[in-house]
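Enquirer: Residues per chain, in single letters:
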Amino acid sequence: MCGLINLKNKKSQAKLKYDIQSKPKNVNVKSSNLKQQNQKQTNNTKTHSKGKGTIYKLPIVCDVETLRTLIRKKAARVVDVRRIEDYKKGHIPTAVSLPLANLLSNDSPEHIVKLLETLGIYDEMPVVVYDDTFGALAARVAWTFQYVGHENTSLLEMTYTNWKNLGLEIENRINKFPETTHSLKLNHSIYADATYVESIQNNPDKVLVDSRERLNFLSEHIPSAKNIPYTMLGNDRHILRSVDELKRFVENRGITQDSEIITYCGSVGTLSGLAFYALKLAGIKNIKLYSKSFKDWKALGKPKIEFKDANYWDLSAE
Amino acid sequence: MKKNEELTKINHEQGSFVKPKENWGLEKETNNFANKVKLYRQGKLADDDFRRFRLQHGAYGSRLRPDYSMIRIKVPSGEITPEQLEKIATLSEAFSIGSAHVSTRQNIQLHWVQLEDVSEVMRGLVEVGLTTREACGNTVRNVMCSHFAGVCPNEVFDATPYSTAIAKFLLRNPMSQNLPRKFKINFGCCNKHGLVRIADIGLVPDLRDGKKGFRIYLGGGLGAASFIGHLLEDFTSEEQLLSTCMATIRLFDRLGNRDNMARNRMRYLVNEIGWEKFQKMVLKERAIVEMTVSEFTKNLYQVNFDDSYVPLKKSTKYNSLPIVETNISTTSNGYDRWLHTNVVPQKQENYFTIFITLGAGDITSSQLRSLALLIRKFSSESIARNTPQQNFAIRYIYNNDLPAVYKKLMAIGLANPGALTITSAVGCSGTTSCNLAITNSHRLAKEVQRTLLELGFDVDNDLRNSTIKISGCPNSCGQHEIATIGFFGGAARIENSMAPVYTMLFGGNGYEDEGKLGKAVMRVPAKRVIDVIKKIVELYKNEKSSSETLDMWIDRIINNNGNGNIKNMDDIKTLLTPVTQLPPFEEDQELYQDYGNDIKFVAKTARGECAA
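In order, the protein sequence lines correspond to chains A and Z. For the first sequence, the positions run 1 to 318 when our numbering is used. For the second sequence, the positions run 319 to 930 when our numbering is used.
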């Protein structure tokens, strides 16, 4: 049932303040591909390899139980991407702070690798990212880590508020870990820029997905884009819905599993970051994030589709 | 008093008495819809066939974008539970635009849903017992029931169980699947509420010698050509309710015009055949129905009375609220103003119905959730009713709870006053989502409401009984023909430029007695509508006789009975004309644009889908 069965601690299970049976089935699906891997100690120059017998391969989304086990085993780095003030008020045990704004202030690959090293993250180390913004900020950070080559990155299945509301343990000390070294292996296959997006226009096997809300999409969007608003992707308990639901949404839109998808949103790739992982969870293998998104597209003066024949904004009750 | 307090306490502690819920949904329809969308996208289903199917399942094409749908959620009898409101909130956030819209026929509509997601919305609705089935198309649409039914001081009995039973009998019934055109049934409570004269079948509860029954009106309806319904017979006993409805639908199905889409509502048939002949035909058909319909079929119609309901002592002093006697003005505190314009006493002593003032029926998802909590906590029946004025009515609020309810509503931005006054303007969706719309009636209704509240029209008892209703085209979704001052949208050339204009109508009402349609007065540019309303009120104030309300005065003008300076329609037209004038286009282009637009006005429409 759960990939971490060999690590389960009955005692701590009992302490859980919520009913594990009540979790939706997707939680189990998500954790089922958590694999134990023997760390290959080929590169002995890395300080991290000493005494780290077991490395866990994380799934796309990390469920609460898996994370708690990893924390107990000190076998993962937990990254809190909320504002530093929020982090100081309380966070998930052992979490380090990396506010999204800090990461975006200089997102050159070299700088990102430097950040990983500062946070004490070594190449294969399992990393679990969380936020309090329905997963969108966490997704953007996770994608960035994977882009510079840190594949073993996962999103916590819920937000910090959900975690806290479940009565799970929190702490407010500021965590620091010894600096590591981390290699830089850019994963070009998950990255897209404006030139790439332009090149896929009229290619039926490549689908451009706009993850902004419906009214923003109707107002203006990149030609040929399909709208999968981020609001569809999660529910009030989980940053992403069950695999079954996400698969159905994709299938309803006639998007096949072997399509290539490029996601984008308004400006920095947070909402589309979440869509990136939602589609990954839905089984799409080939997904890219146009991280600079529509803001970049417009700044470059590229063409866009506008729909001005209806006053849909006047339906808003705000 | 003490007994009621006790009861309220019990209700609140138990989460209140919950009425037996009807389950209108059917899960297999959601999968079926998803599959049909796929087939349609693959080109395996013809446009017309798919459109018919889509409408039958409550998904209406959006303005100039058939790839998006307006989903019409049926709310039979207008009764909606907190759980249903919460689900609608969640579905709107996920698949629509984060808000929901109360229609003039007690439906709730979600706009701009991608066609591919419609089945997902349906799936969610089924989970809470709701359906979109037969909400559009050539079917029996949502069966309405007065939001006062059960609490109205002037009703003889509660029509709700009958309304719900008829809705249940006709939903998915083969006899209502392929009618010549849509078919509407409205139940009233008394002779003032329920819009019984503008439906294909309108029914008002009545008692004869202690026996329950109805006054039934046939062949009414609003549209490009509107008619007021005719009384079938003095009294129709409750035993004949089903057979009368079946007979009427069968006649319409058999004789209705299936060729001319513009003239195929039953009201045209009645008009062509002539009422007296049609009346005889219905009575004959009813006799046939009664002789031939099987017991099995008859048993599909079950009127379920709510036995869990604890009858409350009937009030003897229901006609006034303590606050109504005092003078309310714009300087009164907010609570008093709200009490005066949004709260009415029920026939049940110490219980009140409160109204939630929405802007043209719009409510956000987060407001829906807060409202659901409020209903659970404060309404002893724990449901809300949608109103044809595009508001919510929340009933069985105990008098001691009113201040707390107001406070909660304040906190969620839903404590606007004026729900029961002229300020609560009705507006159909207009160019915000409808293919047929020429003007942005939706926004205009909200602008009218905002302005009139600012002017304090809600606290003016002279204006209280008057209504303003606005449609974005001559079809009457905004029910402009039963408004004291009604408007329907169009386009006109003014000073060599096209501009959005409204035709203004005077003196309509939807009452059972003396129900009548408004009379066209003149055309008013969209950006002058508010000025014209203000001017009408100003003229009325100068002209009125002592206790005459605005609607009474307007009636007098229509009938050429005015005294003073304004004697008839021509007089008022002359006085209003200067207000409707626009300066040349070059001087103020904005006046030639519609609300919500900063571009030149162009009348754009596409095929409507009112008929399948």
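To be clear, the hints were calculated from the coordinates, so they are not data collected in a lab. Built from N, CA and C at the ideal position, the CB exists for glycine as well. Please note that the accuracy of each hint is not assured.
Claimed, not checked - These stretches of chain Z come out as covered by chain A in the derived footprint (C-beta under 8 angstroms, 3 or more residues):
#	segment
1	435-447
2	660-672
3	680-687
4	699-707
5	911-919
What the hints assert, rightly or not - Here are the simulated SDA-like pairs of lysine to any residue, each with C-alpha atoms no more than 20 angstroms apart in a straight line:
#	chain 1	residue 1	chain 2	residue 2
6	A	K226	Z	A352
7	Z	K354	A	I255
8	Z	K529	Z	I606
9	Z	K891	Z	R874
10	A	K247	Z	N349
11	Z	K362	A	T256
Unchecked claim - Covered stretches of chain A, as calculated for chain Z (at least 3 residues, CB under 8 angstroms):
#	segment
12	64-70
13	213-220
Enquirer: Determine for every hint whether it applies to the structure shown.
Expert: Evaluated hints:
Here's how the segment 435-447 of chain Z fares: 3 of its residues keep a CB closer than 8 angstroms to some CB of chain A, so the rule of at least three is met and the hint holds. Interface restraint, the segment 660-672 of chain Z with chain A: violated (0 residues with C-beta to C-beta distance below 8 angstroms; minimum three). Under a criterion of three residues with beta carbons nearer than 8 angstroms to beta carbons of chain A, the stated coverage of the segment 680-687 of chain Z is upheld, 4 such residues being counted. Coverage of the segment 699-707 of chain Z by chain A is violated in this model, with 0 residues showing a Cβ closer than 8 angstroms to a Cβ of that chain against a need of three.
Figure legend: the segment 911-919 of chain Z, annotated as covered by chain A; annotation consistent (5 residues with Cβ-Cβ distances under 8 angstroms, at least 3 required). For the suggested pair K226(A) and A352(Z), the alpha carbons sit about 18 angstroms apart, so the restraint of at most 20 angstroms is met. The straight-line distance between the Cα atoms of K354(Z) and I255(A) is roughly 16 angstroms, inside the 20 angstroms bound, and the hint therefore holds. Between the alpha carbons of K529(Z) and I606(Z) the distance comes to roughly 24 angstroms, so the proposed pair goes past 20 angstroms and is violated.
A distance of roughly 15 angstroms separates the Cα atoms of K891(Z) and R874(Z); the hinted pair therefore holds under the 20 angstroms criterion. Restraint check for K247(A) and N349(Z): the C-alpha separation of about 14 angstroms stays at or below 20 angstroms, so the hint holds. This hinted pair checks out: K362(Z) and T256(A) have alpha carbons roughly 18 angstroms apart, not beyond 20 angstroms. For the segment 64-70 of chain A, the stated coverage by chain Z is violated: 0 residues have a C-beta nearer than 8 angstroms to a C-beta of that chain, whereas at least 3 were required.
Restraint check on the segment 213-220 of chain A versus chain Z: 4 residues with Cβ-Cβ distances below 8 angstroms, three needed, restraint holds.
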